[in-house]
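Visitor: Here's the letter readout for the chains.
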Amino acid sequence: MEGQQWILVSILAIKIGLSAILMIAGNHMRRLVRWLAFSASIVSTLLTLSSIQHLLDGTFQPIEIEYLPLIGINLSLGLDWIAFPFLLTVELVTLFATFYSMDYLNEAESPHIFYGLLLLFSAGMSGTTLANDIFLFYLFWELMLIASALLVLKWGEGEKRAGVTFKYFIITHLGSLLILVAFVIIYSNTGVVHFSAMHAAFDASRKFVPLVILLFFIGFSVKMAIVPLHIWLPDTHSVAPMPVTIMLAAAMLSMGAYGMLRFPLSFITSEQFSVFSPYLMAFGVLSEIYGALVALSENDIKRIVAYSSVSQMGHVLFGIGTATYSGIIGATLHVIYHAIVKALLFCCVGNIIYSVGKRNIQDLGDLWGKLGGQGICVLIGILSFSGLPGLAIFNSEWLIFSSGFQTPFTMLAIFEVLGSLLTAAYGLRFLIKIFFGKIKVEKIRPIPLSMRVSSIGLAILTVLAGIFPQPLFDLIANEVPLLLGGCLK
Amino acid sequence: MPRIILFSILALPLVTAWMYLFLHKRGHPAVARVVAMIGILVNGFLAMMYVSAGNSAAAVCLFTHPVAGQMCIAMESSAARLIALMCFLLSILIATQTKAQGWTPVQDFFVFSSASVAWLALLSTNFLLRYIALELTATCLFVDLIRVYRDRKMVGSQAISAFINLRIGDLGLLIAIFLLYFACGSFNIPESLRSAELLDKNKFLITLAGLLLAVWVKMGAWPLNWWVRITQTTNSVLHTWFSRTLFPTLGAYLLYKVTPAIIIYPYWADLFYATAALSVFISSFTLVSQKESTNPLIIYQSISASLLICLAATGIQKEILPAMAALLIVRVLGDVADRMTATQKESDKPLYLIVHCFPRFMEMFLAVWMLLGILNGTRALFSDTLLWASCCWMLYFSLQRLGDALPESGRRFKIKKMLLPIALVAAGGFGSLIIYRAVRVWMYPAAVFLDLNFLEMDGENIRHLVLGSGIACLTLIFMHTSQYASRFCDLVNKYVKRNAVIVFAWAKRKFEFKDFLDQYQSFKIFFQKGIHFLYYKVEKFTSEQVLQFLKGAVYFFAGRLKRLHTGMLRLNLIWIPVLLVVLLCLYLVSGMTMSQT
Numbered sequence: 000m001e002g003q004q005w006i007l008v009s010i011l012a013i014k015i016g017l018s019a020i021l022m023i024a025g026n027h028m029r030r031l032v033r034w035l036a037f038s039a040s041i042v043s044t045l046l047t048l049s050s051i052q053h054l055l056d057g058t059f060q061p062i063e064i065e066y067l068p069l070i071g072i073n074l075s076l077g078l079d080w081i082a083f084p085f086l087l088t089v090e091l092v093t094l095f096a097t098f099y100s101m102d103y104l105n106e107a108e109s110p111h112i113f114y115g116l117l118l119l120f121s122a123g124m125s126g127t128t129l130a131n132d133i134f135l136f137y138l139f140w141e142l143m144l145i146a147s148a149l150l151v152l153k154w155g156e157g158e159k160r161a162g163v164t165f166k167y168f169i170i171t172h173l174g175s176l177l178i179l180v181a182f183v184i185i186y187s188n189t190g191v192v193h194f195s196a197m198h199a200a201f202d203a204s205r206k207f208v209p210l211v212i213l214l215f216f217i218g219f220s221v222k223m224a225i226v227p228l229h230i231w232l233p234d235t236h237s238v239a240p241m242p243v244t245i246m247l248a249a250a251m252l253s254m255g256a257y258g259m260l261r262f263p264l265s266f267i268t269s270e271q272f273s274v275f276s277p278y279l280m281a282f283g284v285l286s287e288i289y290g291a292l293v294a295l296s297e298n299d300i301k302r303i304v305a306y307s308s309v310s311q312m313g314h315v316l317f318g319i320g321t322a323t324y325s326g327i328i329g330a331t332l333h334v335i336y337h338a339i340v341k342a343l344l345f346c347c348v349g350n351i352i353y354s355v356g357k358r359n360i361q362d363l364g365d366l367w368g369k370l371g372g373q374g375i376c377v378l379i380g381i382l383s384f385s386g387l388p389g390l391a392i393f394n395s396e397w398l399i400f401s402s403g404f405q406t407p408f409t410m411l412a413i414f415e416v417l418g419s420l421l422t423a424a425y426g427l428r429f430l431i432k433i434f435f436g437k438i439k440v441e442k443i444r445p446i447p448l449s450m451r452v453s454s455i456g457l458a459i460l461t462v463l464a465g466i467f468p469q470p471l472f473d474l475i476a477n478e479v480p481l482l483l484g485g486c487l488k
Numbered sequence: 000m001p002r003i004i005l006f007s008i009l010a011l012p013l014v015t016a017w018m019y020l021f022l023h024k025r026g027h028p029a030v031a032r033v034v035a036m037i038g039i040l041v042n043g044f045l046a047m048m049y050v051s052a053g054n055s056a057a058a059v060c061l062f063t064h065p066v067a068g069q070m071c072i073a074m075e076s077s078a079a080r081l082i083a084l085m086c087f088l089l090s091i092l093i094a095t096q097t098k099a100q101g102w103t104p105v106q107d108f109f110v111f112s113s114a115s116v117a118w119l120a121l122l123s124t125n126f127l128l129r130y131i132a133l134e135l136t137a138t139c140l141f142v143d144l145i146r147v148y149r150d151r152k153m154v155g156s157q158a159i160s161a162f163i164n165l166r167i168g169d170l171g172l173l174i175a176i177f178l179l180y181f182a183c184g185s186f187n188i189p190e191s192l193r194s195a196e197l198l199d200k201n202k203f204l205i206t207l208a209g210l211l212l213a214v215w216v217k218m219g220a221w222p223l224n225w226w227v228r229i230t231q232t233t234n235s236v237l238h239t240w241f242s243r244t245l246f247p248t249l250g251a252y253l254l255y256k257v258t259p260a261i262i263i264y265p266y267w268a269d270l271f272y273a274t275a276a277l278s279v280f281i282s283s284f285t286l287v288s289q290k291e292s293t294n295p296l297i298i299y300q301s302i303s304a305s306l307l308i309c310l311a312a313t314g315i316q317k318e319i320l321p322a323m324a325a326l327l328i329v330r331v332l333g334d335v336a337d338r339m340t341a342t343q344k345e346s347d348k349p350l351y352l353i354v355h356c357f358p359r360f361m362e363m364f365l366a367v368w369m370l371l372g373i374l375n376g377t378r379a380l381f382s383d384t385l386l387w388a389s390c391c392w393m394l395y396f397s398l399q400r401l402g403d404a405l406p407e408s409g410r411r412f413k414i415k416k417m418l419l420p421i422a423l424v425a426a427g428g429f430g431s432l433i434i435y436r437a438v439r440v441w442m443y444p445a446a447v448f449l450d451l452n453f454l455e456m457d458g459e460n461i462r463h464l465v466l467g468s469g470i471a472c473l474t475l476i477f478m479h480t481s482q483y484a485s486r487f488c489d490l491v492n493k494y495v496k497r498n499a500v501i502v503f504a505w506a507k508r509k510f511e512f513k514d515f516l517d518q519y520q521s522f523k524i525f526f527q528k529g530i531h532f533l534y535y536k537v538e539k540f541t542s543e544q545v546l547q548f549l550k551g552a553v554y555f556f557a558g559r560l561k562r563l564h565t566g567m568l569r570l571n572l573i574w575i576p577v578l579l580v581v582l583l584c585l586y587l588v589s590g591m592t593m594s595q596t
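Each protein sequence line maps, in turn, to chains A and H.
So the first sequence is numbered by numbering that gives the first Met the number 0: it starts at 0 and just counts up by one.
So the second sequence is numbered by numbering that gives the first Met the number 0: it starts at 0 and just counts up by one.
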């Protein structure tokens, strides 16, 4: 194996290996487990960053391992420009989630198992982006689901966690099954499992393509929590422990977007896609407006932020649906920015709940200046979600909005733009009620260091990403030639 | 060197803001105030210096955006004058500000910061940059408001309303920007506006609506004027700055810049004038109908004044600028005097009369002086329209101020009661009314058409201009009664009772001069009643009902949708829409597959 191939293997091996060690022997080193998990996430993030140069040089060769040679299935790992932004997102979110967990899980039961599963969850997402064939892709896709479901089931909050986990598992698994059906159709019609041969196979045999595209869109929409397939999300996010919620909201939702870009979009032409374009855009707008409306009427602060994910994923779907240069780049950028901002807001929500012990927005108020900078962090997060210039999400929203006007569906684009008004409304309500409301909260616990540093770090990242969009934009722009037959300009 | 000056103009308010905050933290409030004043004045001076030094309006690039290209700024003479005027006004406000309860220096910090982004909005040649600057200005207001409300222990939903209100305008602008961009492929403002002709009629209509939405909101025109009222609830330099100067001026400047695009089609110009007239009518009417204070009237007049000053300053006539600046000084002095003597009005200090009446006298003097100057001048008729209009406006304003002041001063010096009606007539006389309204109607067309030499281009446009102006003029004349509603408010009830018989028996009575006076008053009462009816039945009742309905609808749907989640899941109903979607998609896909086959 060459150097760059070691990078791919190491990213997965570190997490999976350490996960196994922690789950087997972690009980004997309980004090060390959090540092080990954090170190693993640092190393994998650094490895991901080190792969940029190889990607720019174009020297990445996939790793092939024979698995079922009789039926032509090999396991293949690789990294390209489509996968890279999502891998980076996963690694960054894992880094902050593990750091946040350090103090969050002080009193938790079996922290070694928790960290083991958290790393496995992260490995599932990293593996999904690194997989280079449909077999491995599905393997990691399901690993991600199983690990996260176990985390919610064991460490979830409240008595309903079993029911919520069941709902989460069944609904997202149903989405996965649709994807599996699509994979089976592809394999049975073309015999191809490797991504590199997929495009040619799609070109040669057009008969099954529309059905497969449809299955992919529905399947990945479940993971993206697009209305009306989002019903698993609010409950799961509100019940899951905060580090897992951060991973779910900030990283796992992006896997749906990755799936959409990887499967239909990188293998089909823009003509094949154009039939679906208005529907995706319409569902994107619907999701954006619906999520924002419900967030506006919700009182549970965790659920407000959860519903905002539904709304924000609507933006991503809209961007993808436009099938334009700026739409695709905007959607990918939005995934990354959304991950940062969503992680920030969930960190802040976790800190507020930890500190005050309440999560109903009607019971909170007047907390400005009393939570060690959390008010400013929430302000940055909310203004970023509202699309304020100079903060992360503005750049991606601008691209997504502009892409809508490049299509013939101008009215959808106008609805998309006007829908963002609702985002500002629920965001500002969230901020004002919690930090400037009339209610006086009497007992306030000090927030532990790692939890506070996580939110502040993410707030700084939000500002930096907003002020300096160019580097990320340049990296993401490389994915465009790989999509829709390279016809986007 | 020009580049450095441009950057300095943008950076100086920010530097001033930080220095102001730093000095306050160090316990030197007086020094902080002086530094802020000097900083802002220097800022205005730099703007004027830049233009007067003969620097061209060539664009200077700030940075390059991945999509929108080069973000440039350029200093046109109109923008320079505006900046100078606004700097001057801001420095006066700093000097005269009174610290309200709960005031903190951070509030002023945001005011100075907003100045910096406002300059960016004025100077930007790129639509994206202008949008960014406008958004940041609104954010400054929002952040400031939530601090103010927090200190005053009030619910911050007002701040949200203000932000959302301003956001509506910004989103309108955003939609227009995108449509123009995809028509001409550039975010450059002049290029984009020139390309409005390339849009088809539907898209043009949307672009127009977006642009007007942006202008409407910033100028605080009804029904998008929530932010004006909300800003008024704060009692510091902040509200004066935002509501009277910054936003109306930005709105007016935007209007000035986009009007060439708007009036491509004469029909839209008519629509624009009529809608503007209607909006002005309703907003003034709404403001006047509020009984709680006379503040709304002052806001309204201030907004009108800012608009006028802006339009005059935006490069139409250089000669008018010194007089306009003088007028502005006088107006500011008047405001200062009002503030200084606000607590002394109940006493009989002679200082009150001096400081209160002197600025009005000066205003009047200036107006007459300018009027004479124009009468003796040799300029062409059309190019003087604006000057005429401005002078008449000022004359009217002065008379009105005099009328406001006289009754009170009359009481103070025991002037006979018979003199009071004369003062009222002087203030609200029909002649001045017509002039004022005509001026208001002619301001837009004169500014736009003269500046663009539009009159020479197409005779059809003149016809439409006259038609539009006529409609607007009629509407605005009708508006007159509401303008004085607050003044006559207390008289109306008594007068209606006394003159009800006269009103209805008017046709039967013989005509006499004395009766004419009565009929005139009766006629006014008739209008008053009509306006009150409109206010209570249309504005107050209908608006409240509509708002209530909309609010209810939003909460109804939001609440139902929320419940839908659990309900649908419990009953497994979620699969019905999913199934429908799947079936629909399958249907579509099968159709497509068949067509491919």
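Just so you know, the hints here were simulated from the structure itself, not pulled from any lab data.
Worth double-checking, as some hints may not be accurate.
[Said to hold, decoys possible] Covered stretches of chain A, going by a simulated chain H footprint (3 or more residues, C-beta under 8 Å):
(1) 406-418
(2) 422-429
[Said to hold, decoys possible] Far from chain A, by Cβ distances over 10 Å, these chain H residues were calculated:
(3) Pro28
(4) Ile131
(5) Lys200
Cβ coordinates follow ideal geometry from the N, Cα and C atoms, glycine included.
Visitor: Would you mind marking each hint as holding or not holding in the structure?
Guide: These are the hints, each one checked on the structure:
1. Residue count for the region 406-418 of chain A with a Cβ under 8 Å from a Cβ of chain H: 5. That meets the three needed, and the coverage hint holds.
2. With 4 residues having a beta carbon nearer than 8 Å to a beta carbon of chain H, the region 422-429 of chain A meets the requirement of three or more and the stated coverage holds.
3. At roughly 22 Å, the least C-beta separation between proline 28(H) and chain A is larger than 10 Å, which holds for a residue marked as non-interface.
4. Distance check on isoleucine 131(H): its Cβ comes as close as 4 Å (rounded) to a Cβ of chain A, failing to clear the 10 Å threshold; non-interface status is violated.
5. For lysine 200(H), the condition that its CB be more than 10 Å from all CB atoms of chain A holds, with the nearest at approximately 13 Å.
The structure is inconsistent with hint 4 alone, although it conforms to all the rest.
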